[in-house]
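Chemist: One letter stands for each residue in the lines below.
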Amino acid sequence: MESMTEPTPVGAAEAPPPSPDVPAIALEGVAKTYRSGREEVRAVSRIDLEIAQGEFFSLLGPSGCGKTTTMRMVAGFEDPTEGTVRLKGADVTRVAPDRRDVNMVFQSYALFPHMTVFDNIAFGLRRKGTPADEIRRRVGEMLELVELSGRERTKPGRMSGGQQQRVALARALVNRPSALLLDEPLGALDLKLRQSMQMELKRIQRDVGITFVYVTHDQGEALTMSDRIAVMNNGSVEQLGGPRQIYERPASRFVAGFIGTSNLLSGSVADASGGLVTFPAGDGGAVCATAEAAVGATVEVTVRPEKIALHTARPDGAGTRSRVPGTVREVVYLGASTHYTVALEGGGPGGGSAAPELTVYTQNAAGTDDGPVRGDRVWLEWSPEHSYVLPA
Amino acid sequence: MTDERRPRLAARAAPYLLVAPAWLWLALFFVVPIATILSMSLMSGNLYEGYSLTWEFGNYAAAIGTYWEQIGRSLVYGACATVLCILIGYPCAYWIAFRGGAYKNAYLLLLLLPMFVSFVLRTISWKAFLADEGVILGTLKGIGLLPEDAYVLNSAVAVVFGLAYNFLPFMVLPIYAVLERMDHRVVEAARDLYAGPVRAFTRVVLPMSLPGVFAGVIMTFIPTSADYVNATVLGGAHNTMVGKVIESQYLVNNAYPMAASITFVLMAVLLVGIFSYARALGTERVMEASAR
Chain A
33 MESMTEPTPV GAAEAPPPSP DVPAIALEGV AKTYRSGREE VRAVSRIDLE
83 IAQGEFFSLL GPSGCGKTTT MRMVAGFEDP TEGTVRLKGA DVTRVAPDRR
133 DVNMVFQSYA LFPHMTVFDN IAFGLRRKGT PADEIRRRVG EMLELVELSG
183 RERTKPGRMS GGQQQRVALA RALVNRPSAL LLDEPLGALD LKLRQSMQME
233 LKRIQRDVGI TFVYVTHDQG EALTMSDRIA VMNNGSVEQL GGPRQIYERP
283 ASRFVAGFIG TSNLLSGSVA DASGGLVTFP AGDGGAVCAT AEAAVGATVE
333 VTVRPEKIAL HTARPDGAGT RSRVPGTVRE VVYLGASTHY TVALEGGGPG
383 GGSAAPELTV YTQNAAGTDD GPVRGDRVWL EWSPEHSYVL PA
Chain B
15 MTDERRPRLA ARAAPYLLVA PAWLWLALFF VVPIATILSM SLMSGNLYEG
65 YSLTWEFGNY AAAIGTYWEQ IGRSLVYGAC ATVLCILIGY PCAYWIAFRG
115 GAYKNAYLLL LLLPMFVSFV LRTISWKAFL ADEGVILGTL KGIGLLPEDA
165 YVLNSAVAVV FGLAYNFLPF MVLPIYAVLE RMDHRVVEAA RDLYAGPVRA
215 FTRVVLPMSL PGVFAGVIMT FIPTSADYVN ATVLGGAHNT MVGKVIESQY
265 LVNNAYPMAA SITFVLMAVL LVGIFSYARA LGTERVMEAS AR
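Protein chains in written order, with the numbering used here: chain A, 33 to 424; chain B, 15 to 306.
Just so you know, the hints here were simulated from the structure itself, not pulled from any lab data.
Take these hints with a grain of salt, some might be off.
[To be verified] Under the rule of at most 25 angstroms between Cα atoms (straight-line distance), these lysine to any residue pairs were calculated in the SDA-like manner:
1. B:K155 to B:S139
2. B:K118 to A:R159
3. A:K187 to A:R159
4. A:K187 to B:A294
Could you put together the complete structure from these sequences and hints?
Modeler: Have a look at this one:
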């Protein structure tokens, strides 16, 4: 995802002619360094990103990874130490936040407590000098969109967290910005509300067709809603891609560990032929992966827990599937599924200590009897395309 | 039965027992003095023959008729000093709250430091500063910026300056308390919604801080209007405020009923003023108006 657009020589105030090919947001080598006393802290190091128009884009990472700083540089609340921020092609790196065509939804909502819901939502339109009757119409439309019609005269302090959240969303969306920036907007809500708001946000984004940039540390949230995700760590982008790509083909150990539960296995290649590599794991078991590697090289693979099948006896069949023996250490029944923790026999694969335990999720389909219990000896099996080899 | 009731009774009485000292304090040092002054204001007589309660409402007519000028002057000076306190105090509170960083408490201490010196002493020292040939005026006259006969001392200006100087912290602290608590993301939200720095201030920060300004106005206007030290030390003979009148009626003329009725007139005027201020300029309405 290298930046391909030519720098457009336009001033801050004027926008270039709209074209669907121009990315809504482009970051070119953007970096931010904070200085506190003599110490320099690099919050964001030289990020290149292009976010297409109408895309639902997530910045995902643990706290302190630089995702919020990145978003605040797009909004104009932080000045980048290096690099260029472009909105629809126009360089806005040194443009004040009130002159940027993006709006933000804050984690704390930051609603104006002294104003009614109507005045909160109308704030941006009034600043832009929109005629009063148009303001009334558009605020009404927004209230309908977020299902808060009839609450115009209420003060935000008298509303629930979920309702305040929707006012904050309406206040930003009513301005029809070229991009909406959302900073962990669901962080303060409880689980049930958060899940319904995820669906709600996705619906609203589809309805209005505005680019959404979503900052979150919740991988489930990012996977559910996003068209594309940038996984960030230590101020840089570790991986950029669609939810499926990031989940199934993590680009690094960090991504594999951060997104969902993953099982890490490593060993030295015993056999490599026809695009398949095999290395021994456990007592008489072997791991197969679709990859190219030389015999003797050390490889590290990750397997998602739901890709693994659990057998009580050694499965038959050809040797192209991974088969690893182990002992059940933990069984957690969750209704729809059961989670098993299985300890590999004979220590870790290749005699090492890496990942002596694997996590396995099984679906509890109708008619299945009770599965293995704690202490049972089991065989784990999965197909080679699910052993994803991490880039070295 | 009685064994069960006793602890319950104690539990029920506990809150009253806990507030009892406060009530006692208020009764002793507020209700009793107020009642004493009220009855005194309706008495007649003199120090040698004694005073008796004769429901002499004429005291009030005499108080207003004779001293309306001083009462009015007190209110005007108090109002001017209060406005001056807002003009100086608001930026000061804003700066400490938003730009003070790690040194907020140090700045607040600096603001309060003069309070450690006696109020009267500080006022008297202003006399030296503002003297006709003193540090400030003397220098300005020396370089020709002021005419030779210019003066500040013994004028209304000196009194208002003195009042504003002495009561500034009472304006800064409540405003600071409100600004300090304010979520700065709200200011960012205003900037994000196309408000420039000035608009963000007038539409969001200022209306949200009005309760602090309101408290500050009450905490400066009441004591400044009733103050007599500044008028006496800095104002000279022509700028007497009502506080001075009350003092001399009590201590010099021993006209206790007159002094008491002026006290009550001042109290009544201040109370009516504060209540009508609260109604007319109620923070709620100002805040709503600013939302447009």
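Chemist: If a hint holds in the structure, say so; if it does not, say that too.
Modeler: Do the hints match the structure? See the list:
The hinted pair formed by B:K155 and B:S139 meets the criterion: a straight-line CA distance of about 20 angstroms does not exceed 25 angstroms. Between the alpha carbons of B:K118 and A:R159 the distance comes to roughly 33 angstroms, so the proposed pair goes past 25 angstroms and is violated. Straight-line distance between C-alpha atoms of A:K187 and A:R159 comes to about 20 angstroms, which keeps the hinted pair within the 25 angstroms bound. Between A:K187 and B:A294 the CA atoms are separated by roughly 22 angstroms; this keeps the pair inside 25 angstroms, and the hint holds.
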